[in-house]
Amino acid sequence: MRLIIVAGFLGSGKTTLILSIASELVSRRGVKVVIVENEVGQIGIDDQYLEFEGLRVKKLQSGCICCALASDLVTTLKQLQESFHPDVVILEPSGVANVAKIVEIINCFPPGSIQKKVIVLVDPMRFKAIMAMTFPFVQESLNVADIVAINKIDLVDQVALDETKEEIKGLTGVAKVAEISALQGTGLRDLMEEVEEKKESSGTFAC
Amino acid sequence: MGHSHVDSEWVTFSKELKISFRTPISPSLLLERMNDALIGLSRALKDEGCQLIGHIKVLIRSDAGEHLFISLTSFDQIPASKGKMENEVSEIMLTINAIVYGFNEARLNFLVGQKMEERFKCYVDQLSC
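Residue numbers (this note's numbering), protein chains in the order written: chain A, 1 to 207; chain E, 208 to 336.
If you are wondering where the hints come from, they were derived from the structure by calculation, not from laboratory data. Since this is a predicted model, take the numbers as computed values, not measurements. The beta carbon of each residue, even a glycine, is placed where N, CA and C say it ideally should be. Hints may contain errors.
[Claimed, not checked] Which chain E residues face chain A? A few, computed with CB under 10 Å, are given here:
1) Trp217
2) Ser221
3) Gln258
4) Gly261
5) Leu266
6) Phe276
7) Ser278
8) Leu279
9) Thr280
10) Ser281
11) Gln284
12) Ala287
13) Lys289
14) Gly290
15) Gly309
This is chain E alone, in the form it adopts within the complex:
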């Protein structure tokens, strides 16, 4: 996908995931795992020749009605988070939205799934899209 007003080609990824944890996990662990997944994704993008991260944004809504917003805008940045989660979470709805330049859309799709699975597989039975 491209855009007629921007010279360089960009591709997008957006998906909602529902994640049910085997046992409730703490908000700090959830944030740590998500940050790890995003850092892993940005490193993989860089290693595979992606030219620029437009943004990678994640919104997490917990079953307790709390939310966290996490974003990453460059290869070497630590993800920034906003919002507040205080209660343990047993289930979350995750929205991921990414736009990157100079990369393959299918590969971006694969990498997002791979990094999420790597960081969350020991806490869940299945990641369902």
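If we strip away everything but chain A, and leave its shape as in the complex, we get:
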């Protein structure tokens, strides 16, 4: 089973990207996709929205899958694997989740049972403000990313985009940096090619 973790701070465009990726996989390629949605609020919105758009969604609500709902995440992935046999699971952690902890949880599955890719989305308009307030949190996310995707590039000028890109390159080691607009579809083909590369480049933890 392939697992695509689409992480990123609140408001970075995770759900929009997931809708684009999942629609492409399901409609054009006939891939069996399930989305696992984790939201912190008691009433989820992203799961409802994706279901309205015709996608299959499993909800993990009222807590964070990196800590309080960690065992629920493991159970959910095992159940999906056994009962639904999806080709691809797309996991959207809440925007306040610790992605490194999620990767650690996934790495405890038997070797080869899950091939994961971690995309961390960045909103270039708010990157500085978010870094100022949550630096270690963002840094930890970037550390385990296979791809850091600068989203909403249609909303910033080239100077701001280049600045964000330089900052990210200084903060991340092996991750590839992509530039996309999930809403407009810009850069998504290249992003999907990166996602579909077999090699996993990060997130090695001992269980």
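Starting from the known structure of chain A, fit chain E onto it as the hints suggest.
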């Protein structure tokens, strides 16, 4: 409410509201009113010292089976909307989900209710939670 993995404190608001309009309103008016409510909310949050908007999301489901998804992620942004509503609406189910940093939870709760009421009170008899 906080989170052990993020240094700054955040608070959440999530609620479902059912709104019945006295007379059906157009989707464009509904979107305009909702955008006004969210802009009013983000300005109030900024004025009262909120440090950062994580997100403010709204999902509107109409009695005609259509939906709109609206979101706001910063103080100075115009809300972005997705989805399609073409028919007039007489009743909607509204889901609001907000996460903000450096703000009082009770005050956030109050402000959401206040801004919704300000923008919709002339179209409804009562906003019921």
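| Taking the least C-beta to C-beta distance, is Phe276(E) closer than 10 Å to chain A? | Nearest chain A Cβ about 5 Å off; hint holds.
| said: Take the shortest C-beta to C-beta distance between Ser221(E) and chain A; is it under 10 Å? | reply: At about 3 Å, which falls below the 10 Å cut-off, the nearest Cβ of chain A leaves the hint on Ser221(E) intact, so it holds.
| message | For the restraint on Ser281(E), tell me whether the closest CB of chain A is nearer than 10 Å. | response | holds (6 Å)
| message | Ala287(E) was flagged as interface toward chain A. Is the shortest Cβ-Cβ separation under 10 Å? | response | Holds - the Cβ of Ala287(E) comes within 10 Å of chain A, reaching about 8 Å at its closest.
| query | Is the shortest C-beta separation between Thr280(E) and chain A less than 10 Å? | reply | holds (3 Å)
| message | A closest beta-carbon separation below 10 Å is what the hint needs, so does Gly309(E) meet it against chain A? | response | holds (8 Å)
| Taking 10 Å as the limit, does the beta-carbon of Trp217(E) come near enough to a beta-carbon in chain A? | Holds: closest Cβ of chain A sits about 7 Å from Trp217(E), inside 10 Å.
| field | chain A contact restraint for Ser278(E) - C-beta distance below 10 Å | value | holds (7 Å)
| request: With chain A as the partner, please determine if Leu279(E) meets the hint condition of a C-beta pair closer than 10 Å. | output: Result: holds, 8 Å to nearest chain A Cβ.
| Should the interface hint for Gln258(E) be scored as holding, given a Cβ-Cβ cut-off of 10 Å against chain A? | holds (7 Å)
| query | Does Lys289(E) meet its interface restraint, that is, does its C-beta lie within less than 10 Å of any C-beta in chain A? | reply | Status holds, d = 8 Å.
| said: For the restraint on Gly261(E), tell me whether the closest CB of chain A is nearer than 10 Å. | reply: With Cβ-Cβ at 3 Å, under 10 Å, it holds.
Hint check: no violations occur; every hint is consistent with the structure.
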